[in-house]
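Engineer: With chain A held as given, fit chains B, C, D, E and F onto it using these hints.
6 protein chains.
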Amino acid sequence: MRLLIANPNTSATVTDRLMAAAAAVKAPGTELVPMTAPRGVPYIATRADAVVGAGVALDMLAEAHEGVDAAVIAAFGDPGLGGARELFDIPVVGMAEAAMLTACMLGRSFAIVTFSGGLVPWYHECLDWNGLRGRCAGIFALQGAFTSLADVQEEKEAALVDLANRVVAEHEADVVILAGAPLSGLAQTVRDRVPVPLVDGIQAAVKQAEALAALKPAKATTGTFRRPAAKTCTGISEPLRRRFEHRDRPDESR
Amino acid sequence: MRLLIANPNTSATVTDRLMAAAAAVKAPGTELVPMTAPRGVPYIATRADAVVGAGVALDMLAEAHEGVDAAVIAAFGDPGLGGARELFDIPVVGMAEAAMLTACMLGRSFAIVTFSGGLVPWYHECLDWNGLRGRCAGIFALQGAFTSLADVQEEKEAALVDLANRVVAEHEADVVILAGAPLSGLAQTVRDRVPVPLVDGIQAAVKQAEALAALKPAKATTGTFRRPAAKTCTGISEPLRRRFEHRDRPDESR
Amino acid sequence: MRLLIANPNTSATVTDRLMAAAAAVKAPGTELVPMTAPRGVPYIATRADAVVGAGVALDMLAEAHEGVDAAVIAAFGDPGLGGARELFDIPVVGMAEAAMLTACMLGRSFAIVTFSGGLVPWYHECLDWNGLRGRCAGIFALQGAFTSLADVQEEKEAALVDLANRVVAEHEADVVILAGAPLSGLAQTVRDRVPVPLVDGIQAAVKQAEALAALKPAKATTGTFRRPAAKTCTGISEPLRRRFEHRDRPDESR
Amino acid sequence: MRLLIANPNTSATVTDRLMAAAAAVKAPGTELVPMTAPRGVPYIATRADAVVGAGVALDMLAEAHEGVDAAVIAAFGDPGLGGARELFDIPVVGMAEAAMLTACMLGRSFAIVTFSGGLVPWYHECLDWNGLRGRCAGIFALQGAFTSLADVQEEKEAALVDLANRVVAEHEADVVILAGAPLSGLAQTVRDRVPVPLVDGIQAAVKQAEALAALKPAKATTGTFRRPAAKTCTGISEPLRRRFEHRDRPDESR
Amino acid sequence: MRLLIANPNTSATVTDRLMAAAAAVKAPGTELVPMTAPRGVPYIATRADAVVGAGVALDMLAEAHEGVDAAVIAAFGDPGLGGARELFDIPVVGMAEAAMLTACMLGRSFAIVTFSGGLVPWYHECLDWNGLRGRCAGIFALQGAFTSLADVQEEKEAALVDLANRVVAEHEADVVILAGAPLSGLAQTVRDRVPVPLVDGIQAAVKQAEALAALKPAKATTGTFRRPAAKTCTGISEPLRRRFEHRDRPDESR
Amino acid sequence: MRLLIANPNTSATVTDRLMAAAAAVKAPGTELVPMTAPRGVPYIATRADAVVGAGVALDMLAEAHEGVDAAVIAAFGDPGLGGARELFDIPVVGMAEAAMLTACMLGRSFAIVTFSGGLVPWYHECLDWNGLRGRCAGIFALQGAFTSLADVQEEKEAALVDLANRVVAEHEADVVILAGAPLSGLAQTVRDRVPVPLVDGIQAAVKQAEALAALKPAKATTGTFRRPAAKTCTGISEPLRRRFEHRDRPDESR
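Protein chains in written order, with this note's numbering: chain A, 1 to 254; chain B, 255 to 508; chain C, 509 to 762; chain D, 763 to 1016; chain E, 1017 to 1270; chain F, 1271 to 1524.
For reference, chain A alone in the conformation it holds in the complex:
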């Protein structure tokens, strides 16, 4: 089984974090195919960034969806997920979605803990989009700046553990999601320092993508997630335009 790990941020160091955490939980037969955004923003952190990132995510899947069995949009917040699920035939999983759904099986209420307050509003919209408001004990972020995205995980490790512990104590969270691609792998590192289960977004997403790929769900041919009829587009990437216009290469015409 081949899984595309599409990082819609342009930061290759984030892709490295994602791949390391993903590799730690993937099934023996799973091959992970990494991809870093060729354009866009270094790190999606606002609604405006997410607009850009959503377009980039569709570009990336248009480029790489052939020959993989499922794809992960590897930014917490899941930019472009709904559109991707319409356009492509393979299962596509969002990192936030996978983390939240997985957390639902480990308790009644999950908290989302992240490293930057700027991320919170976008995460709230993502939570609502998933219809999981009733399962969420809150979304919590560290205050203050961080030095570098590449090392924020180490820089803020102690502060994040503190915040997670406070959230568990004060907000009755049964599970804590450590959110944001730059934190990939941190849950593993600090699992013994928080008294409830931790969920790592990319690890959850890899397992959910494997699950969907194994279940081989049919692509909808009617309704809201069928592939849209061909339509002409201008000013978008060539692979995405081919996909919109149903000019698939021979081997992608399922």
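Certain hints may be false.
To be verified - Anything over 10 Å on all C-beta distances counts as not near chain A; from chain C, calculated:
id : residue
1  : 521
2  : 547
3  : 722
Said to hold, decoys possible - Restricting the straight-line Cα-Cα distance to at most 27 Å, the calculated cross-link-like pairs of lysine-lysine (DSS-like) are:
id : chain 1 : residue 1 : chain 2 : residue 2
4  : F       : 1501      : A       : 26
5  : F       : 1296      : A       : 216
6  : B       : 473       : C       : 724
7  : B       : 470       : C       : 724
8  : E       : 1042      : D       : 981
9  : F       : 1296      : A       : 219
10 : F       : 1489      : A       : 26
11 : A       : 26        : F       : 1296
12 : E       : 1235      : D       : 788
13 : D       : 978       : E       : 1232
14 : E       : 1042      : D       : 978
15 : A       : 216       : A       : 26
16 : E       : 1232      : D       : 788
17 : E       : 1247      : D       : 788
18 : C       : 534       : B       : 470
19 : A       : 216       : F       : 1486
20 : A       : 219       : A       : 231
Think of the hints as simulated: they come from the structure by calculation, not from any bench.
Predicted, not measured: the structure shown is a model, and the values here were computed from it.
Note that CB positions come from ideal geometry on N, CA and C, so glycine has one too.
Structural biologist: Just chains B, C, D, E and F, lined up with the frame of chain A:
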């Protein structure tokens, strides 16, 4: 007062429809500035289209936000609205948002009636994004194809009136929103054939944009709708990149 | 365009506040017609007051709805709004409703800040009546008494600014509504001291009433907001009785 | 124990219906004190009627609350209930409220069935005010006119039974509330013709009022249901004014 | 009228508490029939305990439902309530349910206050099962251990009063439910020390059971609360098995 | 990896169905350990059955949780799931839960389709317990009786396909869950006859259990899903009693 009417679809005939309906209700001192998407899809009708349209909408506002007092994103579904509200200092109004909020003052529950079933899922997500599920009597669409976007309003006039009447009778709708930019102006034409108030998206949006421009709300300098800090971007339109990177032209640096 | 500003409180000083704030934002061609409650309570502040105020509001509109294009029920909490919308043919807007719907276009979540804790429960019911719970970051009031309704705005200015700032910082409010007719005009005064947009109830209501009057929505002739069939009443004001009994004066029989 | 049965409609025949149904279920030691509205509308059926009826209900309780142990506002829709609960020291129960809460103990979802479509919107607002939307399978009304309020129960008996049966079959209602004061007693008559439990509003209200009177809950002295501070009023009934102004007669000054 | 007070905990001292509080409010003609769980856990305090307790509650009702007019499942959390309502023909009331519904008639929002934090999650699930989330100001528990279930009421009296007062002040609760069978009777003792009405679970349940027994609702013969068709069971108590298998004793075959 | 497939129904034929469907999707290294309820009801179909089934499920897990990496409670409706998650240290997944969460990744709204109307109310409660009401397009059942549980899948195949197709067409379901353990494997058989993805409960549950087992979440040591403190029980199965009383066998004392 100058209002930008940004049509994120590439169909100029739709822009013409929008402008005619807008002109019929604008205040005497309001100047409407039309703009048609320079790239993207002819008509935004799915989640995937909306991803593209959201990026296009940001491009358009980046290009044209200077020298206008407020802007309307003139596609029902409001692609890119949240991001636009972060990035720009002027009020930005979505057509669906304006229609729904206006409808709330005309009754308890509004129905949304449109010409193509493909639009319904995207409209549902828009309704939820606005948190107005409890005020909505349902979203209803004609079945079957239409001949051309430019003339769908005339082609389907009788069918839409029938559907609106059925929805009022069966779903207790107090107000009906005729949704979709190609239907702009139709509410005026058929108002005597439906027994409840009709709301036209672009007309509602123009009045709401005028209201906001008159109220001159301060731009947030903190929290979730402050302007995001400068960040480097690649592969996006030059005006949008300048806005993301805080390289505004002298006259836009408020 | 003529707008009735119906203050269902008996305090004329409150009417003066309302008119001053309204005049600051009205469109050039708008004439504002003030009216102070001829009976009732000095200031509506509880559910019991609102029962009285709702009856008074209907009396006032029955007396004055002829010859105006729209009306504002100028008490935050909107006493009698639903009934007024049934009984009369012109658009009727509530001050709380208008403030909340306007706030929705300026951010995701609004906070309501007011000067007296006694008002909070009634405002909560008003929020729920509007179905906007999901958009509200909370309703917050100063503690402690105030000296006079006429001057509460000046007396509590600093405290209200402090409270608004605290609410923005702690409850992630994107917008703050300064609520209560006695605070009319305050938003303008303190706008530079709060880092998010402020909404003034009467100013929002005037703009929304202008918007509705310009859109000229048809009066429902079916369903829940059609004019109720004539029915005999006793013990109510003569103008209201005439309206209930369909004994309109010649010029009001639309 | 003495219970006030306050009918805020001016129809004495409705009071008779209420009393007969109430008498059939009251406890041995309970004395029922009937009261018909001295002013207002013959039958509260719209939001505008409810505004009038709410004021009338407060007048009636102000007049008669002394010397009774609890009161029932005997119109489905509960006009003035919140205000009454603030103003008076005795327990006050609404007929709709009592019916819905009682129904909650007889199944998961209740349907509300009534004789006139005009009542439905008001009942929906009442349902929401009680926060019981999630327990309600729907509100359903007969179509078409009826001859007289006094005899609507007999005239529409068969049609109401049919409707109740259809609602049970199609909407999975576990319980049916026969709503509206003119239907008082009907549930008893037709109980063998509907396959789920029926709830009669006045009968539920009498039992709930008895329950509250027996539990003797303390009157709140803080928060949202404490008695409001004395305030001057004009243009309202003398007993209500005395109550607002804390000029209680000696024996009512608890 | 005979009411079964079924305590699904094995602690007889708790049954004594329940009976004393119940006796203080029962109607003159009501006979209370106490029953203590013959098996299970001393005190139901977790979801796992509630699984056991639900089975025990059904056993107890199967044993004792004949010859009583209604039954109370006398554990806050209402284990087995839905199943009991299907299986048996008499009204069955849960203690949490009765407390919450009664509280709804005494204010807009109730708080639940209890003596042990371990109970909170289970109470939250019970609140949601009743669909009353929107009426609840929160569920609050003392921290720390207690010495004995039999005397926790006296041991924690002062702390519970403090907590109730804090909850009223900080969470705008209109009513406080003192929850948990071991606290039965406490509301009476401390009523003058909390400024809002207090609700005692067993007292509310007795009055609600009396109300239902007086209203004599028909047993559903269709839909979700009809008696399930006979089915063979193994490994359950003999009385419950007879009830499942429709092998009722002659006098219970209604 | 070893997964316990605990069927809390006493029907061994249902266990066979479950195992066949599970085997078709399990990962190469997964060993499935089947277990059929030693007591209880043949098929859990009502709330009363679920009370019994929940107790049986805890008994089964107490008996068999050692030596497996995760467990599935293999009845749609998930009897005892919350309690199991408290009591045991391994991940426990419910079949309904797994089906619904998996469906969330395949569309916005899922419908639940089953073979017997008696199951619907219980499934509704399960849906609410999972907080997924907003994602569900409805729960739909065939009308009429079936011949045998063992063969209901073949007997009703055509009718279920028809119902699924109708639900997709009329209720805008993006995904259909074929619910009920006796339908295990049917989704595979009929996947080409329904135009949207189908979800099979046991197959989803196996993949989710594998995912959780691979992620190795820590057992909570605080909060609502920590293992409850030891307490004495009577009249329950010996293995369950040992687990409640913390008298684990040596190799289960983690």
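Engineer: Would the pair residue 1296(F) and residue 219(A) pass a check requiring their Cα atoms to be no farther apart than 27 Å?
Structural biologist: Given pair residue 1296(F), residue 219(A) holds - Cα atoms ~21 Å apart, limit 27 Å.
Engineer: Between residue 26(A) and residue 1296(F), does the CA-CA distance stay at or below 27 Å?
Structural biologist: Roughly 15 Å between the alpha carbons, so the hint for residue 26(A) and residue 1296(F) holds.
Engineer: Does the structure keep residue 219(A) and residue 231(A) at a Cα separation of 27 Å or less?
Structural biologist: holds (20 Å)
Engineer: Far enough from chain A: is every CB of that chain over 10 Å from the CB of residue 547(C)?
Structural biologist: holds (45 Å)
Engineer: For a C-alpha distance cap of 27 Å, please report whether residue 1232(E) and residue 788(D) respect it.
Structural biologist: Since the Cα atoms of residue 1232(E) and residue 788(D) sit roughly 12 Å apart, the hinted pair holds (cutoff 27 Å).
Engineer: Is the claim that residue 521(C) lies outside the interface with chain A correct, judged by CB distances over 10 Å?
Structural biologist: The claim stands: residue 521(C) keeps its Cβ more than 10 Å from every Cβ of chain A (closest is about 40 Å).
Engineer: Between residue 1489(F) and residue 26(A), is the straight-line Cα distance small enough, at 27 Å or below?
Structural biologist: Judged against 27 Å, a Cα distance of about 21 Å means the pair holds.
Engineer: Would you mind confirming whether the straight-line C-alpha gap from residue 978(D) to residue 1232(E) stays at or under 27 Å?
Structural biologist: Holds, at roughly 25 Å.
Engineer: Are residue 473(B) and residue 724(C) close enough, with their CA atoms no more than 27 Å apart?
Structural biologist: It is violated: about 31 Å lies between the C-alpha atoms, which goes past 27 Å.
Engineer: Is residue 216(A) within 27 Å of residue 1486(F), Cα to Cα?
Structural biologist: Holds: residue 216(A) and residue 1486(F) sit about 25 Å apart, inside 27 Å.
Engineer: If you draw a straight line from the CA of residue 216(A) to the CA of residue 26(A), is it 27 Å or shorter?
Structural biologist: Cα-Cα ~18 Å, so holds.
Engineer: Checking one constraint from the list: CA of residue 1247(E) to CA of residue 788(D), max 27 Å. Satisfied?
Structural biologist: violated (40 Å)
When the structure is compared with the earlier hints, violations turn up for hints 4, 6, 17 and for no others.
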